[in-house]
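Each protein sequence line maps, in turn, to chains H and V.
Sequential numbering from 1 applies to the first sequence in the numbering used here.
Sequential numbering from 1001 applies to the second sequence in the numbering used here.
Source of the hints: derived by calculation from the structure; they are not laboratory data.
Please note: incorrect hints may appear among the correct ones.
[What the hints assert, rightly or not] Only some residues are given here: those of chain H computed to face chain V with a beta carbon under 8 Å:
(1) M1
(2) L15
(3) R21
(4) R23
(5) F24
(6) Y25
(7) G44
(8) K50
(9) E53
(10) K109
(11) I135
(12) K177
(13) T189
(14) T260
(15) W271
(16) K274
[Claimed, not checked] Chain V regions said to be covered by chain H (calculated; three or more residues, Cβ under 8 Å):
(17) 1051-1061
(18) 1066-1080
(19) 1085-1097
(20) 1103-1116
These numbers come from a predicted model, not from an experiment.
Think of the CB as a built atom: it goes at the ideal place given N, C-alpha and C, for glycine as much as any other residue.
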Amino acid sequence: MSEFEKLKVVTKYELLKQIRRKRFYGALAMTILAVALTIGFYKGLDIPTKLQENVPVLLRIPDSADMFAMFVTSMSALAILGAVFFAGDAIASEFERKTGYILFPNPVKRTTLVVGKYLACFIATATILAVAYLISAGASLAFYGQVPGGMLGSFALALALASGIISLAFAFSSVFKGGMGATIATLLTYMVVFSVISSGLAYAGYNPWFMLDRAGDAITSTYGVPFAQVFGGMMGGGQTMGGMMQASSDPVLSFLTSLTYAGVLFLLSIWVTKRRDMI
Amino acid sequence: MQDSIVIDNLTKYYNGFLALDKVSLRVKWNEDVALLGPNGAGKTTTLKILCGLLRPSAGKAYLAGVNVVEEREQAVSKVGAILETPEFYQFFTPRETLSYLGRLRDMDGRELKGRIKEVLNLVRLNEWTDVKIEKFSRGMKQRLALAQALLHDPPILILDEPSLGLDPRGMVEFREILKEERKKKTVFFASHLLTEVALICKKVAIIDRGKLRAYDDISKLKKKYRSFEKAYLKLTEGAV
């Protein structure tokens, strides 16, 4: 049997593992709830108007399918964080829960096992993201009679960001003793450490385009709606929180940045896992 | 024909602690050898290196003539193993677990389905085929561990304290299974139970504090030290 055939087997059973876990359905339910609430708030509380109350009338951007999609998908992209819960214990748990004593003494390369696990995590995350985007697209069609073309690009960026976050979680999972530690470390790194660095650089006037969290912000940049102008209105006087809200990074650059994180961190996780002793 | 297992000057350090000190031994085909020693002697470390779970600090290990470190996948394809107290994916059933492992071991279709049924019958888990493993007791998991070790009918069995967690009936049944398997397989297993070793094997490698103290037939050791127990106590003197 070729290593590719083995990869298909590993991916199939790793995916089955993900689907059997309650956390998959928990993440799916939370995502559906979050998207539904976001849509409800947007329409029910007239968010497009409230967001731009401080913006001069002539500069206000009228509500549209694009603005709706930008707002809703910016929230549904939070579903990407579900990836952390799928990926955090993917490698560490084999050591922590001793399942590696059954899996590793098989004629299959550890690289194949890691790649299979990665693909399973990515498919699980992509499924949840797809559900979020489909609901958003359906709502857009219902309210505005159209699905913005930018939604596809946004989805592609969300998938690229998901792959970057999964790789980050895999890197921690390959090093940490426990899955919980790897999960927390991933969340803290992405949500705190990366944010602090990005914000610090932005305050200092540098464009932190190379940061993963900033690349993720580009999810809202595919609709042709000036994000900073709409959300900057919340600050009054067109302020943009010292650059924090200037999230509309270049989509192509952001896409490539996410994929670079994904590739480098994934290779690192393979390298570490291959050398890790099952003590 | 090469020996089934060759261990050559195997040495392993854990952060400066010497767990295995230049251990060398050879196991012939269809021989059953026990690795006997007190806790922390280096038994599990030896077996883990043989199964490619640990990399030796020095020395070499071969399974069926294949270097375990350099060609791990090819080497372990000849082996069925139970190491430490194995755990399984709790959301899987025995059928799914064995299907997964069987596919990784190049089994497929009818052959795999038939073999899964066979090994689950053998370890008396046939009524638990489609029950999730999260409901299993320690002993049932140990039975499943034996089933997966036998699944692909490997020529070499490497077993680490295989009867751990089994009740008395389970231990007897396990010995019966091994008695049959050892007719056509090499059995290399670690234990610290003298009675179990004497019942299963003819040959024993006594290991203590990382060093091989003796490697001989049990009958010869009995003759030399007057009893197997005395031989063990003498050769592991100083062990805690």
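Quick rundown of the hints versus the structure:
{"no.": "1", "hint": "M1", "in the structure": "holds, 5 Å"}
{"no.": "2", "hint": "L15", "in the structure": "violated, 12 Å"}
{"no.": "3", "hint": "R21", "in the structure": "holds, 6 Å"}
{"no.": "4", "hint": "R23", "in the structure": "violated, 11 Å"}
{"no.": "5", "hint": "F24", "in the structure": "violated, 11 Å"}
{"no.": "6", "hint": "Y25", "in the structure": "violated, 12 Å"}
{"no.": "7", "hint": "G44", "in the structure": "violated, 39 Å"}
{"no.": "8", "hint": "K50", "in the structure": "violated, 45 Å"}
{"no.": "9", "hint": "E53", "in the structure": "violated, 50 Å"}
{"no.": "10", "hint": "K109", "in the structure": "holds, 6 Å"}
{"no.": "11", "hint": "I135", "in the structure": "violated, 27 Å"}
{"no.": "12", "hint": "K177", "in the structure": "violated, 15 Å"}
{"no.": "13", "hint": "T189", "in the structure": "violated, 27 Å"}
{"no.": "14", "hint": "T260", "in the structure": "violated, 31 Å"}
{"no.": "15", "hint": "W271", "in the structure": "violated, 14 Å"}
{"no.": "16", "hint": "K274", "in the structure": "violated, 10 Å"}
{"no.": "17", "hint": "1051-1061", "in the structure": "holds (count 5)"}
{"no.": "18", "hint": "1066-1080", "in the structure": "holds (count 5)"}
{"no.": "19", "hint": "1085-1097", "in the structure": "holds (count 9)"}
{"no.": "20", "hint": "1103-1116", "in the structure": "holds (count 4)"}
Checked against the numbered hints given earlier, this structure breaks hints 2, 4, 5, 6, 7, 8, 9, 11, 12, 13, 14, 15, 16; the rest are met.
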